[in-house]
Amino acid sequence: MKFINLDLAWRNIWRNKRRTLITAASILFAVFFALIMRAYQLGVYKNMTDSVVQTYLGFIQIHAKDYWKEKTLDYLFEANNDFLRKVAFVKNISMTAPRFESFALASAGLKTKGTIVAGIDPFKENSMSGLSKKLIRYKMNDSVETELLKSGVPKDIIAAINESRVKSFTSQEDAEKKLTKFIGKENTVRFLKLILSKSKINHAYLTEHDNGVLVGDRLSDFLNLSVGDSLVLLGQGYHGASAAGVYPVRGIVKIPNPELDNQVLYMSVTQCQKLFSAPNMLTSLVVNLHDPEKLDETKSEMKRILDHGQYEVMTWREMDKELVQQIDSDNYSGLIMLWILYIIVGFGVFGTVLMMTTERKKEFGVMVALGMQKYKLGYVVFIELVILSFLGIISGIILSLPIIRYFVVNPIQLTGSMADMMNQYGIEPILPFAWQFDYFLAQSASVLVIISIAIIYPLLKVFNLDTMKSLRG
Amino acid sequence: MTQKLTSLLFSLLWISGLFPQNATEIVKKADEKVKGNSSIAEMTMKVVRPTWERTISFKSWGKGSDYSLALVTGPAKEKGQTFLKRKNELWSWNPTIGRMIKLPPSMLSQGWMGSDYSNDDILKESSIIVDYNHALIGSEKIAGKDCYKIKLTPKENAAVVWGSVIKWISKDQYFQLKTEYFDEDGELVRTEIASDIKKMDDREIPTKIEFIPEDNKGNKTIVILDEVQFNVSISDDFFSQQNMKKVR
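Heads up: the protein sequence lines correspond to chains A and B, in order.
Counting from 1, one number per residue, gives the positions in the first sequence under the numbering used here.
Counting from 474, one number per residue, gives the positions in the second sequence under the numbering used here.
One or more hints might be untrue.
[To be verified] 25 Å max Cα-Cα, derived SDA-like pairs, lysine to any residue: (1) A/111 x B/576; (2) A/17 x A/444; (3) B/693 x A/241; (4) B/690 x A/309; (5) B/575 x A/242.
[Claimed, not checked] Negatives, chain A to chain B, calculated, CB over 12 Å: (6) 40; (7) 231; (8) 247; (9) 341.
[Stated by the list, open to error] Examples of chain A residues lying across from chain B (beta carbon under 8 Å, computed): (10) 234; (11) 236; (12) 239; (13) 240; (14) 241; (15) 242; (16) 245; (17) 246; (18) 248; (19) 410.
Just so you know, the hints here were simulated from the structure itself, not pulled from any lab data.
Note that the Cβ used here is the ideal one computed from N, Cα and C, for glycine as well.
Based on the sequences and whatever the hints tell you, model everything.
Right, dumping it as structure tokens:
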């Protein structure tokens with residue numbers, strides 16, 4: 001019996017090609033737009049998460065109990081062999097990085113400022129956040145500008161660079177890009193080499209137990225520090241000990257977030273521990289994972305292995321509630337957009353189905369008059385629409401695949417102030433598309449639901465068919 | 474007639490001997506007991522917290538109420554830091570970083586070197602005689618000794634960190650056995666208890682003082698006077714920035 005119905009349905013569909021194609025097309029577009037929108041949204045969230053979480057926060061962090069709430073030096077833990085051995089047990093962990101963070105007054109010459117002192121393992125931190133790439137290699141200050149003027153660079157160009165306040169560059173490409181924005185491509189081509197040669201500064205990244213510091217760009221401006229100068233740090237250490245020391249500046253780093261750029265300086269973890277009189281202690285251990293999807297399971301595993309009373313294990317969601325809320329609210333507004341899309345498209349599908357049903361009123365009347373039971377007729381119509389839906393959905397998916405794939409591999413690069421803002425949050429300024437199986441399924445299922453709702457109308461029409469009226473109609 | 478006069482005179486003298494001295498005089502006597510014109514002292518300060526303890530030893534020179542110098546002699550990490558008070562200026566010197574830092578008056582109430590013993594205390598910035606008005610408000614027993622209970626309220630324009638102070642001064646030897654410090658809202662902020670009365674140099678004084686902050690039970694700071702010499706001659710030049718860097 002089924003095969004006959006299927007056959008009937010198939011033939012019905014192809015009897016009127018135009019009608020079929022219109023209906024299938026409306027379904028196709030629904031699926032197509034839904035997929036593209038969702039791919040974009042999910043890609044952006046993943047980018048936000050990866051940028052902030054992987055490069056700075058880490059997926060999971062281990063602290064001494066209550067550290068995150070209090071954030072003082074009273075809550076430190078010892079990174080002894082026992083602890084490290086236990087942590088090594090967890091398989092999903094791809095990398096760990098130790099951190100010792102506290103506050104101190106930094107002073108150079110007559111200027112003083114409160115700063116965040118971040119003790120890091122230079123190599124591990126670099127593999128996480130690419131800190132060494134943020135080292136400034138070219139910096140323009142007053143003496144550099146005077147030299148450039150002397151060498152024939154016109155005054156207005158120097159003035160333009162001054163106005164822009166962008167006077168530090170991390171590489172030649174960075175300099176080229178930024179200068180082009182402020183003085184135009186022609187001038188950049190003419191003067192780039194000269195500017196670079198005069199503004200070159202020493203720079204070096206931290207070595208493992210380095211007794212030097214890396215200073216944020218804005219902070220170095222405020223304290224008037226150049227590479228090689230000495231910086232004095234003064235503060236309170238562990239258990240009330242005094243923290244005091246003099247440190248040479250090894251390099252200046254450009255931190256995207258302007259507030260941090262104005263406040264932070266980096267030191268090797270061992271020197272930091274020495275400064276604050278807390279040998280072998282850490283404020284946090286940052287943990288990155290092979291498989292971020294298994295976040296909560298990995299956290300539970302770590303909690304089981306480590307002693308509850310002494311440590312706390314937190315995921316990035318617990319640590320940066322702001323980011324979670326941001327992503328969630330964006331996600332929900334994205335879903336709302338999606339649902340609006342569905343409703344619009346749903347009406348489109350409904351429209352074509354309505355048209356199709358009304359058009360075939362006479363045909364249905366004839367079938368029923370000839371003896372076809374209404375429910376069988378309804379069944380055939382139902383199968384027709386199901387076949388149409390599948391046609392539409394599959395072709396929608398196929399059509400969207402190349403476009404999505406293209407943007408996954410070549411994400412849209414953001415520029416201008418939008419890019420700056422994203423950089424400030426430490427997020428790479430790109431709009432990538434997500435390449436996951438789950439949303440393909442989800443979107444197709446949602447479209448199917450809409451179609452089922454739309455199908456109700458024609459089915460009702462069939463069941464309530466007034467044979468006489470439709471024959472005459 | 475003369476007999477009547479003499480007996481009247483004697484009774485008057487006797488009665489005046491019975492009258493309690495006024496509060497300011499009591500405080501003056503108590504202050505002189507611990508200060509003298511000048512002093513050199515060696516002290517140990519123990520900072521006690523629920524999870525840790527720290528001991529700092531230091532040497533302190535004082536001349537009148539205008540000059541005071543403190544040198545940290547232990548532990549090794551803190552050694553060499555000096556603190557100077559000259560009239561109204563407070564300075565601190567840190568040899569590790571080679572920096573002379575001026576302490577703003579706003580820092581007076583903060584703990585010295587992370588303890589409950591404030592910067593005001595170590596440098597004796599405020600004087601309990603000159604900066605306060607005194608009133609005798611009663612009599613109580615502290616640690617078995619009869620004491621005058623005196624309320625001190627700061628004078629206008631005095632560089633004082635407290636809203637008011639209550640002192641229990643022993644009647645027989647004028648020891649400041651107990652002190653309670655209140656802020657401007659009248660809330661108890663700190664309690665000071667003196668004990669271990671010993672003979673130091675030419676007098677007997679309490680050698681152990683405990684500072685107990687009100688808001689942090691389990692925290693306290695104990696200052697022990699190891700050795701002291703009173704009325705030594707120290708020149709005013711001793712209390713200088715140059716000397717801060719040299720003194721041993």
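Hint check:
{"no.": "1", "hint": "A/111 x B/576", "verdict": "holds (16 Å)"}
{"no.": "2", "hint": "A/17 x A/444", "verdict": "holds (24 Å)"}
{"no.": "3", "hint": "B/693 x A/241", "verdict": "holds (16 Å)"}
{"no.": "4", "hint": "B/690 x A/309", "verdict": "holds (23 Å)"}
{"no.": "5", "hint": "B/575 x A/242", "verdict": "holds (17 Å)"}
{"no.": "6", "hint": "40", "verdict": "holds (52 Å)"}
{"no.": "7", "hint": "231", "verdict": "violated (10 Å)"}
{"no.": "8", "hint": "247", "verdict": "violated (10 Å)"}
{"no.": "9", "hint": "341", "verdict": "holds (58 Å)"}
{"no.": "10", "hint": "234", "verdict": "holds (6 Å)"}
{"no.": "11", "hint": "236", "verdict": "holds (6 Å)"}
{"no.": "12", "hint": "239", "verdict": "holds (5 Å)"}
{"no.": "13", "hint": "240", "verdict": "holds (3 Å)"}
{"no.": "14", "hint": "241", "verdict": "holds (6 Å)"}
{"no.": "15", "hint": "242", "verdict": "holds (6 Å)"}
{"no.": "16", "hint": "245", "verdict": "holds (6 Å)"}
{"no.": "17", "hint": "246", "verdict": "holds (5 Å)"}
{"no.": "18", "hint": "248", "verdict": "violated (13 Å)"}
{"no.": "19", "hint": "410", "verdict": "violated (52 Å)"}
The structure is inconsistent with the numbered hints 7, 8, 18 and 19, although it conforms to all the rest.
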